[in-house]
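S.K.: What follows is the residue order along each chain.
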Amino acid sequence: MNVALRPAAPAFDVERVRAEFPILGQLVRGKKLVFLDSAASAQKPRAVIDAFRDAMETQYANVHRGLHWMSERTTDAYEGTRDVVAGLINARDRTEIVFVRNSTEGINLVANSYGRGVMQPGAAVVISEMEHHSNLVPWQMLRDAHGIELRIVPVTDTGELDMAAFEALLADGRVGLVAITHMSNVLGTYTPAQRIMALAHAHGAKVLLDGSQAVVHRRVDVQALGCDFYVFTGHKLYGPTGIGVLWAKSELLDRMPPWMGGGDMISSVTWERSTWANVPHKFEAGTPAILESVALAAAIRFVQGIGYDAIAAHEASLTAHALDRLAHVEGVRVLGTAPDRGGVVSFTLANAHAHDVATLLDREGIAVRAGNHCAEPLMRRFGVDSTARASFGVYTTHAEIDALADTLDRVRSFFA
Amino acid sequence: MNVALRPAAPAFDVERVRAEFPILGQLVRGKKLVFLDSAASAQKPRAVIDAFRDAMETQYANVHRGLHWMSERTTDAYEGTRDVVAGLINARDRTEIVFVRNSTEGINLVANSYGRGVMQPGAAVVISEMEHHSNLVPWQMLRDAHGIELRIVPVTDTGELDMAAFEALLADGRVGLVAITHMSNVLGTYTPAQRIMALAHAHGAKVLLDGSQAVVHRRVDVQALGCDFYVFTGHKLYGPTGIGVLWAKSELLDRMPPWMGGGDMISSVTWERSTWANVPHKFEAGTPAILESVALAAAIRFVQGIGYDAIAAHEASLTAHALDRLAHVEGVRVLGTAPDRGGVVSFTLANAHAHDVATLLDREGIAVRAGNHCAEPLMRRFGVDSTARASFGVYTTHAEIDALADTLDRVRSFFA
Amino acid sequence: MFDDVRDLYQEVILDHGQRPRHARRLACYDATAAGDNPMCGDRVRVWLRYAPDGSVAEAAFEGRGCAISIASADLMAETIRGRTQAEIRRLFAGFRATLGSGDPAPQPEPADRDALERLLPLGGVREYPSRVKCATLAWHAVLAALEGDAEETSHE
Amino acid sequence: MFDDVRDLYQEVILDHGQRPRHARRLACYDATAAGDNPMCGDRVRVWLRYAPDGSVAEAAFEGRGCAISIASADLMAETIRGRTQAEIRRLFAGFRATLGSGDPAPQPEPADRDALERLLPLGGVREYPSRVKCATLAWHAVLAALEGDAEETSHE
Ligand SMILES: Cc1ncc(COP(=O)(O)O)c(C=O)c1O
Ligand SMILES: Cc1ncc(COP(=O)(O)O)c(C=O)c1O
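Chains as they are written, first to last, in our numbering: chain A, 1 to 416; chain B, 1 to 416; chain C, 1 to 156; chain D, 1 to 156.
Since no wrong hints were added, every one of them can be taken at face value.
Sample of chain D residues facing chain A (criterion: CB under 10 Å; computed from the structure):
{"#": "1", "residue": "Leu-8"}
{"#": "2", "residue": "Tyr-9"}
{"#": "3", "residue": "Gly-41"}
{"#": "4", "residue": "Gly-65"}
Derived coverage of chain C by chain B (criterion: at least 3 residues anywhere in the stretch with Cβ under 8 Å from a Cβ of chain B; other residues may be distant):
{"#": "5", "stretch": "7-14"}
{"#": "6", "stretch": "59-71"}
{"#": "7", "stretch": "121-135"}
What the hints contain is simulated information worked out from the structure, not anything from laboratory work.
For clarity, every value in this text was computed on a predicted model and none was experimentally measured.
All C-beta atoms in this analysis are idealised placements derived from N, C-alpha and C, irrespective of residue type, glycine included.
Build the full structure now, drawing on both the sequences and the hints.
M.R.: Put into structure tokens, the structure is as follows:
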């Protein structure tokens, strides 16, 4: 292999990145915080903290409503975030970006508006065995309320989608929508988006990708992916809570009825009948998450400033290191061995319950999550009640992973 | 009148209050900002700005999920806000507090969950002619989707509810729910909550009060009011965007099915059937507005620190002053003359459209809102297309109202 | 006071805003359409009568709205007279450029220079993004009418 | 390392967590109920057999969960034996006080002192609000069983 042909590795200095996150200097129980729970929610860089403050100190009013300076400027900022998001995921048009509270709401919006408003009873929705409850329960509710059939793609022992089974589920042509995670929050597996799209579209089904995890770790291009809906959530992308994104193709958004009613989503209101504003405002009832939109733009710019190439390379290296170190801790079993994976590793430890593991790690300042990770069916699939999960962000270091592995070894002896 | 019998006026120093709001020092178009658009959204005190920063810098993780220190502390803070809100409105139980995005979502939740899940087709919902679109469109959508009849209480020339008509609308006993604003965002009118409750309950109807405006200006006690549902929104109460509150009596929340599905709102998930978490978590799907809950608690403590007695007295004085000053500006017509009103004044100016008025005021740094204020039917009722609206907050001064009146006088000559 | 507001409310706008020349229904018309700006409640309806060559022989409007939207509707009715559909589109593109919205200004066609000059006073709304909609509402309605679009047109 | 964790994972907890004495189904029982902690996936089911005087003659449980929830269930089964429903409620109130949840501790009844002493090692969860639920799960299930409540009990 010719080294000269490799593109220069982007300059990535984890210590410089860490310096942007004030919280990482905190002590927890007297120990340095080792935050390995970013997949649940990521910490916030200075840019996001400042964006909140600056908005509240210098430029704030309600949007879309005032004709005064503060309102005009705040509206510019709020609407400007649509352009920033459209740039992030390469949407064709800024009006395809709908702001929601989080991924969960984005999926509920699709289930209620597209599901009840466009899909006919008798049609089927395909999800997978590795879905987060947020991409599962809304479809169960749609099934029960609207007579939709729910079909489940099984997961293989390696923690990947069973693509043959997937194809079989599509065969009768009754599937209207496939709603699948783009990256599993438990296994770390990236699903094969291109093949999903090809098969689903060949059988006349639309595809929703749950990008809650995926967009954190790799560049997402909705046009290249070819999907029909994409959702993600701000707080996992180093951004604020209270805001998430639903992207969908214009022609779908246009056909979808509004879901919530209220201010800002109407065109005109009479007692007999109201008419709706254009997309995307049709789906944004009431005062939106104004401050959060400003902070989300700051988070996205922060991520773009580092660059997805650098992020993906850093996290691939962390994940490889983690898998290697954990493989050498006696009694540790890692769930899933998919080769295409992001910075999330779930594991069990023999003789110790995941909660006890998490509590002992916490005593050393190491934050991991333990439980079913809002993925009960997947837990059942792998025959476990719960796992511990370490997940990595731009600020995670190899030394932190060493601390995890070393401490796990001692946890093992504690419960031996 | 014996002065000694008057209770001592609470110490209220508007300049000290203003010092808490950094944005009020901003210049707009080279002029000092005169922010008279608080009813659309209020500015944020230092305490709220700091709450956001402190959370992100020292104590942040996802809630309800981790067993680690950051998550435990963040969960304490998030859940602690429920107690703060329960204290604010005197809820009987903290679990009666449901966090939503804003008032609009709170009302949509009731319309979808109580409306579709508990009310039977053929039942009626009563709203009034002075509702904000957010307390109107969701009921229209319920009407169209679920066969509910919608009945409208007319508004009198003084801008009050026509209580005789209200009683007549209840007479046939088919009304399941009355959804009425507690204070009009256009007229400033406080509706007679006690009488509404007595009549509605006598006819077997539940009552939802839209407290979006009311809770900003006066102490609210849901038990004393006797209502069944109460909603309000954080950003008007000097708090963050992205969070609002639905309060409802426990026995109602218990009977209501969940609306959105996802993480955190389930008890267990199997393919066949999921079961729901207890109230209030049943209604809080996905990662909630964590940072916003912390900031909302700070906003509420700020308001309580000033005290509702002082706030109500200050705003009553401002409103009286505004009505007096505007009465002396030629061509100004104020909408509504209800004696019981909060700090909101809507008006038209002869020969000048409200938008032009707002633009000219803005040139002098004075921010008012112009338009239909998300209340088209009410505009029609008063025979206008739009009005200008000045609205007051804890930081509003008498001098600012003078500036408004003086400038309006010049606007009049400009368009004469 | 308000002196610096004259850039926005120039005499011609105050004049046409308060005394529009073309604010009426046409009894005989070939096309009509309405425009609606839900955010601020402005509404306008335009009527068009065509000449045998397809150009606009007469244009008129009825509307409610601010001085800027009424003045803009009035100046629109005045400037589109005698122009074909393609010419009106081109003129609107030039006008939007004046407002700082739409694509940046190309060199105006000689035939449009006078008309754009006439519309220039509306350029003051540049600074007020939400008022730009007031200035373009009638134009959107005209485009809808030209296309024979029966539906209400929406704001931009 | 982990020395300071001994306040939470005392020997008795590790011991009962790993080798519970009462982890089995009762073949003959008068009451049973399950408890479920959705946030962490812990589950427990308890079985009770009553004595003729209505006190608990025997208690047993099956569950999955962490060391703390298993140890707590086991100690619960041990300490409620021989007690009436009212006595068990009182004991649970005392136990919750130990955990820093529920109402503040009243002076314990002399009859409860030994049992509360036995449960004291679980007091270390005080510091871990989410682990308090692990320690109380089996107790909630027992209360449900005593009430003949067929439904699953929920976490606190
Ligand atoms: C009376 C009233 N109800 C409801 C709302 C809607 O509040 P939000 O936009 O925060 O949902 C408002 C404010 O916009 C209001 O004034
Ligand atoms: C794959 C996946 N989908 C959906 C969600 C839900 O995100 P949120 O809780 O922000 O709605 C999460 C995270 O919790 C996730 O990891």
